[in-house]
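Trainee: Protein chains in written order, with the numbering used here: chain A, 1 to 345; chain B, 346 to 792.
Be aware that one or more of the hints could be misleading.
Not the full set, but computed from the structure, chain B residues with beta-carbon under 7 Å of chain A [said to hold, decoys possible]:
#, residue
1, ALA408
2, ALA411
3, LEU417
4, SER418
5, ALA434
6, GLY437
7, SER441
8, PHE447
9, ALA451
10, ILE452
11, ARG463
12, ILE510
13, VAL737
14, SER741
15, THR745
16, PRO753
In silico negatives: residues of chain B with every beta carbon more than 10 Å from chain A [unchecked claim]:
#, residue
17, LYS388
18, LYS401
19, GLY414
20, THR449
21, TYR459
22, LYS584
23, ALA625
24, GLY670
25, ARG702
26, MET738
The hints are simulated quantities; they were obtained by calculation from the structure and are not laboratory data.
Using N, Cα and C, we set each Cβ at its ideal position, and we do this for glycine too.
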Amino acid sequence: MPLETIVAGIMLVSLIFYALLAGADYGGGVWDLFAFGTRAKQQRELIAKAISPVWEANHVWLILVIVILFTAFPPAFATAATALHIPLTLMLIGIVLRGTAFTFRTYDSKHDRVQRRWSLLFSIASIITPIVLGITLGAIASGTIRVENNAVTSGFFASWLALFPFAVGFFALALFAFLAAVYLTLETNDRQLQEDFRNRALVAGAVVGILALIVFLLAATGAPTVRAGISRSRWALALHILTAIFASGAFLALWTRRFRWAQICAAAQVSLILAGWAFAQYPFLIEPDITITTAAAPRITLQLLLGALGVGAVLLFPSYYYLFRVFKRKNTLIAIRENPDKVIG
Amino acid sequence: MDDLLAARSQMAMSLAFHIIFAAIGIAMPLLMVIAEWRYLRTKDEIYLTLAKRWAKGTSILFAVGAVSGTVLSFELGLLFPKFMGYAGAIIGMPFSLEGFAFFTEAIFLGIYLYGWDRISPRKHLFAGVIVALSGAASGVFVVIANAWMNTPAGFRIVNGQLTEIDPVAAMMNPNAFSQTLHMILAAYAATGFAVAGIHAFMLIRDPTNRFHRIALAIALSVGGVTAILQPLSGDILAKAVARNQPIKLAAFEGQFETETGAGVRIGGIPDEEKRETNYAITIPYGLSILAYGDPHSTVKGLNDFPQNEHPPVAIVHLAFQMMIGCGMLMLGIAAWSAWRFWRNRKNPAGKWIDSNRFLRALVCAAPLGFIAIETGWVVTEVGRQPWIIFGVMRTSEAVTPMPGLIVPFVTFTLLYIFLAIITGWLLLRQVAASPKEFEPAEANDAA
Chain A
1 MPLETIVAGI MLVSLIFYAL LAGADYGGGV WDLFAFGTRA KQQRELIAKA
51 ISPVWEANHV WLILVIVILF TAFPPAFATA ATALHIPLTL MLIGIVLRGT
101 AFTFRTYDSK HDRVQRRWSL LFSIASIITP IVLGITLGAI ASGTIRVENN
151 AVTSGFFASW LALFPFAVGF FALALFAFLA AVYLTLETND RQLQEDFRNR
201 ALVAGAVVGI LALIVFLLAA TGAPTVRAGI SRSRWALALH ILTAIFASGA
251 FLALWTRRFR WAQICAAAQV SLILAGWAFA QYPFLIEPDI TITTAAAPRI
301 TLQLLLGALG VGAVLLFPSY YYLFRVFKRK NTLIAIRENP DKVIG
Chain B
346 MDDLLAARSQ MAMSLAFHII FAAIGIAMPL LMVIAEWRYL RTKDEIYLTL
396 AKRWAKGTSI LFAVGAVSGT VLSFELGLLF PKFMGYAGAI IGMPFSLEGF
446 AFFTEAIFLG IYLYGWDRIS PRKHLFAGVI VALSGAASGV FVVIANAWMN
496 TPAGFRIVNG QLTEIDPVAA MMNPNAFSQT LHMILAAYAA TGFAVAGIHA
546 FMLIRDPTNR FHRIALAIAL SVGGVTAILQ PLSGDILAKA VARNQPIKLA
596 AFEGQFETET GAGVRIGGIP DEEKRETNYA ITIPYGLSIL AYGDPHSTVK
646 GLNDFPQNEH PPVAIVHLAF QMMIGCGMLM LGIAAWSAWR FWRNRKNPAG
696 KWIDSNRFLR ALVCAAPLGF IAIETGWVVT EVGRQPWIIF GVMRTSEAVT
746 PMPGLIVPFV TFTLLYIFLA IITGWLLLRQ VAASPKEFEP AEANDAA
């Protein structure tokens, strides 16, 4: 396999990790906004406790994606940054507000009014950011970003200000909310809270299904090449069938309250959606003018980058495992719930 | 405001904002780790309280630093896409390594901030050490990339195309070592002085408070030692600039005429029309000695370079003077502190702190390091103009074709002003909530 394809594969894997980990953190913001009923306060606390120790680390996956993109495929980065200047800028504002509002809420006055204000900012930013992220990915898949002699010719609006990218945006939001609700069932031993998030996961799962259908239908005109890719490539088709199986599995597991299984199926479902998109779009990075091969950096850069990614992975995965072992074990979660004041020293 | 100026302003504003949080993110973990290490050695709860207090402040500042850093990594492409399209393959490497350093920092900071009761004290301290090391590593990698923009290396240009790309040689570019050394020391010095200044302020109101006395001693040790080393690293960097970017050195000094045995200017206002620098105190042979180590060496003036390659001389010169001035004041205060400490070595521990004049000086010195960092970056970045890659690509060639760039510039400026106000307010709350009289029970207390 050519080096550039391997690097592109690693970039895809990083994007999947971002969706699975940071995506769920955004989803947490969605459920913070939709916390209601007698247990609204407990729901919010559970979300905050699940996110607090890990969101900064989860966020770095996005930086990794961007860094791989501009190191290994500089023209693709330059093109995306030019054509998608506006949605990317909006996404950045969302990222800034989400992260800071969440931290400010932790350290500001504990008065309800102050807390509510930061919560609102946190959750609105958590909703807008995934939508805009989805819009940019939808625009890249749509085949409307055109390049001639390294210059973008399709303008600054046309590629993303369309039905299909927006449908992908809402689809991304629904997926993240779904992931978060599924994960949150495992973050607590409180049966009622578990039920709250089970119900939310079921609703979000249904919305994901509806939006998936809408995205698929819109792709016929909105992203014709990528949709053709699904039927053209046997791999892509197989991935989509697998996705459907895991989606049903997640639903079934939620229905029967097998939450660990629901988590595994939901994560597999989201990973396969992204992988399916990538396979359908292959070999294009930005369809139809920039491919993995035409955008690739010189061989020496790719070799060194792969070396760095290898060494980085050896350091990263054990550290990540440790982080999750410290904070995501059942008994620690119980300890956090029973003793919420001691979480922040 | 034209689009190029708006793009440059947005980048400058984003950097100027981020660099404060980045510098604190490098240095604060070291202070926390020292305090926690002292706790493990002495079992004195006051050190634990201090480590936890500092950790809270760090948590707020790190969050702002992380998101503003993310903004920068995108802005490189959003504002200067042709630069990234051209240079990504050459200097993506340090950014990739920085990505992993940042990963490590974020993971272990999460463990550090939320893991006090979850892991053993030794493991907790170890997590802090990793945060401190990876924070410094992040800074090193990012500054290496900036050094490359000043002294590009590791490629050849044939018919306008890049060939023979060598990312390792690019990372080993001529300014890499001196620039990273200077910036890392600056981060420790600035943060150390700022933290010492805050605790000095509290001590003026509450002179016997042990909490603030210990905090001041730790912060000033880190800030003082690095402030004493900083002029040496500045000298190394200035010599590198003299060798590799003589036009930039001339701008630092407001040196228009080429001169043998050139003097060094203190102060002075460059007049770019008349091509002379007025009102400066000149120390004979100073510049020749500082730049080349030889009083009779020749220093090239700006007039020897084409006009369209001149950076804005007045801004660069004034920023350079301010940076040096701040650095010298910090050096003086560091020396004064060391002298007070030595003179009181036989007196009860902490006696050296007891002087209102000394404490007031520390309060006044609190912002100096950050002024030096900001003006230092003006020197580096404006001094590099009109180039984005020195001698290779002009900033005007790299800017995005996107129109209306004033809109994102104003938006981000307002956003960052908002963040600065809130961050300042929350830190003030933390400082105001610091223990008046130290009670051991405080250590186990929650916020």
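Trainee: If a hint holds in the structure, say so; if it doesn't, say that too.
Mentor: Verification of the supplied hints:
no., hint, verdict
1, ALA408, "4 Å, holds"
2, ALA411, "6 Å, holds"
3, LEU417, "10 Å, violated"
4, SER418, "6 Å, holds"
5, ALA434, "3 Å, holds"
6, GLY437, "2 Å, holds"
7, SER441, "5 Å, holds"
8, PHE447, "6 Å, holds"
9, ALA451, "4 Å, holds"
10, ILE452, "4 Å, holds"
11, ARG463, "5 Å, holds"
12, ILE510, "5 Å, holds"
13, VAL737, "15 Å, violated"
14, SER741, "16 Å, violated"
15, THR745, "6 Å, holds"
16, PRO753, "5 Å, holds"
17, LYS388, "17 Å, holds"
18, LYS401, "7 Å, violated"
19, GLY414, "8 Å, violated"
20, THR449, "6 Å, violated"
21, TYR459, "4 Å, violated"
22, LYS584, "30 Å, holds"
23, ALA625, "42 Å, holds"
24, GLY670, "33 Å, holds"
25, ARG702, "34 Å, holds"
26, MET738, "13 Å, holds"
Hint check: violations occur at hints 3, 13, 14, 18, 19, 20, 21; the rest are consistent with the structure.
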